[in-house]
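K.L.:
What follows is the residue order along each chain.
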Amino acid sequence: MIASAQAVQGQEEVAGRSLWVDAWRTLRKNRAATVSGIVIGIMAVLVVVGPWFSPYSYDFTDWSNLSIGPSLETGHLFGTDTLGRDLFVRTLYGGRISLMVGLSATLVSLLIGISYGAVAGYFGGRLDNLMMRIVDILYAMPFMFFVILLMVFFGRNLFLIFVALGAIIWLDMARIVRGQTLSLKHREFVEAARAQGVGTFAVIRRHIVPNLLGVVAVYVTLTIPQVILMESFLSFLGLGVQEPMTSWGALVKDGSDEMQSSPWLLLFPAVFLAMTLFCFNFLGDGMRDALDPKDR
Amino acid sequence: MLRYATRRFLGALPTLFILIALAFFLIRVAPGGPFDSEKALLPEVEANLRAAYNLDEPLHQQFARYVWGLAQADFGPSFQYRDYTVTELIMTGFPVSLRLGGMAITLALLVGVTAGSLAALRQNTRTDYAVMSASMTGISIPNFVMAPLLILIFAVYLGWLPAGGLGDGSPRNMVLPVIALALPQIAYISRLTRGSMIEVLRSNFIRTARAQGLPMHKIVLRHALKPALLPVVSYLGPATAAVITGSVVIEQIFGVPGLGRFFVQGALNRDYTLVMGVVVFYGVLIIAFNLLVDLAYAWLDPKVKYS
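Residue numbers (the numbering used here), protein chains in the order written: chain F, 28 to 323; chain P, 108 to 414.
Accuracy of the hints is not assured; some may be wrong.
Partial list, derived from the structure: chain F residues whose beta carbon lies under 10 Å from chain P [said to hold, decoys possible]:
1. LEU165
2. ALA167
3. MET168
4. PRO169
5. GLY206
6. GLY265
7. ASP284
8. MET286
9. LEU293
10. LEU304
11. ASN308
Hints listed in this document are in silico derivations from the structure and should not be mistaken for laboratory results.
All residues carry an ideal CB built from backbone N, CA and C; glycine is no exception.
Next up, chain P with everything else stripped away, as it sits in the complex:
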């Protein structure tokens, strides 16, 4: 297992390197520099600025400096928020985003697995059709469409929940953003669970368990659930990526002060280092999470060999 983990970890390194390289060079080829302003700067001033940010060094040296900084969790200074480093900005936004995303994934897993299993157990009944149509609808309605609709219904017309912001930090403020973020994932997870659960329920060991007279709920919980969840586990990697991406718009719509909002603001303000920092940060997060999912899968699935 340890050898397998090491091998997977080493396999993730090139991905990581390419991510950083892509981010770094993309920013260098971008037209317009961070010091472009309405007034042209004096040449000496600009030269001094470039020197201060090490932009006058040869490219490979800058790249090495950037990677070295990243290794120490230093994403460089922000060009727009002059008094902050990018690392500081990320650290103010990330906890909020993490809470939002974490709750959304948890909710999606709970609801998705339950609904999918129910649909599988009652295959081709009304319950099944209801769950599957709901899930198709969930997949088809993007979360940036769902979010304003939720606000319109639950905040504007019914007035049950706040429309946005974190307010006094009470959980009420998180309800709508979490639901909006979780809905498409609930839809995917319930479809996945249904499919694999149907397959597992047809297999021999389940038939044996039923022949022995075990009650259905015990069969599902003790025997069927674990193998049926394997595809869901492997979907968790893409799900995380989707939640992180979705979080960008959801935070924007609900005015949640998370990392996604910094990203959009940074992109619109051409705050290159901030935007780049967020991309690299999220990229590393996604790569690390995929690695964890791979390991969890190998651990859960007896068919995977550690060679």
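With the rest of the complex left out, here is chain F:
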């Protein structure tokens, strides 16, 4: 771990033996994780680029084709909903929102979680006790309910969703980062840095945080699907993204209202959502095996 940690800084000289290269090799051998990674990549490209190639926009009503099933002739690959809107484009737009919320909220949680955890772990003692006690208390809150309250009270805007979800989900990150920091701070290279008179926050930033990134990368991969799931949950209850914009959760909700007459409205978004979550979970598992060998 120490050798690999130093290798992160001097990757050119020891190319091929760093933590990341090792991890990359292990990950590549794990076929499920590799395939999942590729599927996520394709999905990301598809939701960003796909809508440009479709003749329909997400809120365009095709009056001659209301609620028709998937077909090539009409040009509606996934069919249309009751308002005649093309489901293919809507599913991709929904994917944009879902993935964007997933990434942004994870980023928020990353920023809060790493700084909080690293500070608590590095300073230790009473400060650590207090900070972790706060995390424990927050952990026991039924946060999903508070997010719902926020949505009800302050209107349903996307920015609030990022912040609210990110603000919940950092707790795990903080705990993990703190644990890692505790084990890192007595290492020789940290003491060497301190002996040379490097300031506290510089040590945290330059020596602690870079060495946390492996574990953090694993948790990021596992946090994204959780956030996507939460956003979908909110949208399903009608508290997330508002019409005519959509997200996978909102599409699943619309689809389940119409499932008796037009089951495709449920099936396509459900498959996209489930497949994405599935791939993220598999990739995360694979990365845990690759980057965190102690865990198994």
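For this one, chain F is given, so just place chain P on it according to the hints.
P.N.:
Chain P only, in chain F's frame:
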């Protein structure tokens, strides 16, 4: 043990206090009041209404009043359902939700532990891979996606089970909601059980038992199961929280008249006191359950010291 229990109980109090405070102040900062309507009320009328609900007192006094009420299980009046108190509404919805959630957790434990143990015993065989892929699928498909799919297959196409509602109250109506609620938990519990069971089966005392020639099923049931279940026990806290949250959508989808539906209705109608009451009620429930799980864990695990 008693001292340990007391200490854990006292430790839960700040959590409880913060929960109530957060709920209380969130409602005060929310824009729009409970008396906002299409027509503006006469100032005198509004003043009278505010006085009737004690909204004219200083904040700290209102807070004290709210906490004092909660201590007596009084969640205040509902703003929307004028003739009911929130406590009455909670008490009509909760038994239904409790039955649903209780059955889901029980099912999840039974199926999850069995499947996980089987996978551990047959590690790296087809059984193992089948259980693990099924469980990964279960984790990845959210229950609000699973629920409509279940309805589509078992109620609409096959016509075996009712699509929703409680009907005449026969158990048939509960089958689909319970399954939809339990599936993700089955998935988590089976993964947890498998992991810890594999670890336990490798330990020395199991090897001794095998060397003595005990049959495998006896080893598992008598020796391995209890230590292997420890992580599952500690997962029961988060599991309860997840089932309660999941119950909100599941009740909505299946038209089950439980507490979750009141919550969603209350949220959409801006029935502040009802929504707040449900949040506090569920919060207290989750905190209390976590406490119980902690105590059960300490009791089961010889390594935990009561100091």
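K.L.:
Now tell me if each hint is right for this structure.
P.N.:
These are the hints, each one checked on the structure:
1. LEU165: holds, 8 Å
2. ALA167: With a closest approach of 5 Å, the ALA167/F hint holds.
3. MET168: holds, 6 Å
4. PRO169: holds, 5 Å
5. GLY206: violated, 17 Å
6. GLY265: holds, 7 Å
7. ASP284: With a minimum Cβ separation of about 9 Å from chain P (threshold 10 Å), the hint on ASP284/F holds.
8. MET286: MET286/F check passes; min Cβ-Cβ to chain P is 5 Å, inside 10 Å.
9. LEU293: holds, 6 Å
10. LEU304: Where the cut-off is 10 Å and the nearest Cβ of chain P is about 4 Å from LEU304/F, the hint holds.
11. ASN308: holds, 6 Å
Hint 5 alone, counting from the list given before, is not met by this structure.
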